[in-house]
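Taking the hints into account, I'd like the entire structure generated from these sequences.
Counting along the sequence shown from 1, when you hit position 65 you're at 65 in this note's numbering, and nothing is skipped either side.
FYI, nobody ran anything at the bench for these hints, they're computed from the structure. Fair warning: there could be bad hints in the mix.
PhoX-like mimics (lysine-lysine), calculated; alpha carbons at most 20 Å apart, straight line [as the list claims (entries may be wrong)]: (1) Lys113 with Lys79; (2) Lys198 with Lys222; (3) Lys198 with Lys170.
Quick list of the computed label-pair ranges, beta carbon to beta carbon [unchecked claim]: (4) Gln93 with Ser134: 18 to 24 Å; (5) Asn85 with Asn159: 31 to 37 Å; (6) Asn85 with Lys170: 34 to 40 Å; (7) Ala132 with Gly206: 38 to 44 Å; (8) Lys198 with Glu171: 36 to 42 Å; (9) Gln214 with Glu171: 24 to 30 Å; (10) Glu84 with Gly206: 36 to 42 Å; (11) Gln131 with Asp218: 40 to 46 Å; (12) Gln214 with Gln131: 37 to 43 Å.
The beta-carbon is built from N, C-alpha and C at its ideal position, and this holds for glycine as well.
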Amino acid sequence: MELENNINLKTALKEEKPAGPETNPALEEPERPLPDGLRYLMVGLLVVGLVGVLGFGYIRQSSVKPPATTAAADGSDCKDPVTENRLRETLKQSPNDFTTLMDWGQYNLSCDKNYAAAVAAYRQASELSDQANSTVSADERTEAHFRLGLAYFYNQNMNEARSQFQMIIKENPQDASALFALGSSYRDNPEIASAYLKQVEQIAPGSEMAQLAQTMLDGFSKGSATPGTTPAVTPPAK
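Okay, structure coming up:
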């Protein structure tokens with residue numbers, strides 16, 4: 001059974017709510033899953049772990065797609081009640097604001113480590129970006145779907161994660177970020193993973209992303225689940 005079916009929903013605002021308009025799904029905070037030893041989800045050949053993947057998000061934002069959000073994305077201890085309350089209040093007032101949904105998703109993914117809540121926020125943002133009358137740019141739409149895939153990945157829902165990455169690749173076969181993420185999701189199947197990771201090296205030779213891909217490929221060739229070198233990932237200048 002999918003992990004999502006085991007998550008019990010509860011109110012994100014932690015307070016009694018009078019009867020009124022429907023609540024924003026992005027603010028409904030599911031209880032956090034217990035990943036049974038897979039807390040960082042980048043287990044085995046995905047050598048960079050939690051910090052590295054969030055750093056990989058930096059690589060994407062700085063070199064592949066313009067960021068659609070201003071929330072922290074470096075995996076540092078960025079949990080902040082002031083920021084959290086500001087985002088919650090903004091979503092109460094404007095539940096369909098794309099940028100705020102992206103910020104809320106990034107806050108939950110990077111700061112609160114609440115991956116189920118990140119999925120809810122990014123899914124809503126993606127649905128908004130897919131509407132025929134959406135004012136969201138093509139790059140922002142791609143970013144929303146990519147981050148939704150990443151949130152699914154962290155939440156251990158690999159089928160949904162792959163679906164998002166594959167959609168991006170179908171629209172743009174040269175998207176190295178989506179290829180890297182898709183390859184990473186197949187870390188338990190070296191043959192499939194290697195095919196995607198090699199494409200990353202071809203599309204973005206010499207990049208940090210290509211270095212991460214090569215480290216994973218080296219691990220496959222050595223038959224090691226934990227390659228010895230963890231590439232340093234430096235966030236872009238603010």
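Do the hints match the structure? See the list:
no.: 1; hint: Lys113 with Lys79; in the structure: holds (9 Å)
no.: 2; hint: Lys198 with Lys222; in the structure: holds (16 Å)
no.: 3; hint: Lys198 with Lys170; in the structure: holds (17 Å)
no.: 4; hint: Gln93 with Ser134: 18 to 24 Å; in the structure: holds (20 Å)
no.: 5; hint: Asn85 with Asn159: 31 to 37 Å; in the structure: holds (34 Å)
no.: 6; hint: Asn85 with Lys170: 34 to 40 Å; in the structure: holds (39 Å)
no.: 7; hint: Ala132 with Gly206: 38 to 44 Å; in the structure: holds (40 Å)
no.: 8; hint: Lys198 with Glu171: 36 to 42 Å; in the structure: violated (21 Å)
no.: 9; hint: Gln214 with Glu171: 24 to 30 Å; in the structure: holds (26 Å)
no.: 10; hint: Glu84 with Gly206: 36 to 42 Å; in the structure: holds (39 Å)
no.: 11; hint: Gln131 with Asp218: 40 to 46 Å; in the structure: holds (43 Å)
no.: 12; hint: Gln214 with Gln131: 37 to 43 Å; in the structure: holds (39 Å)
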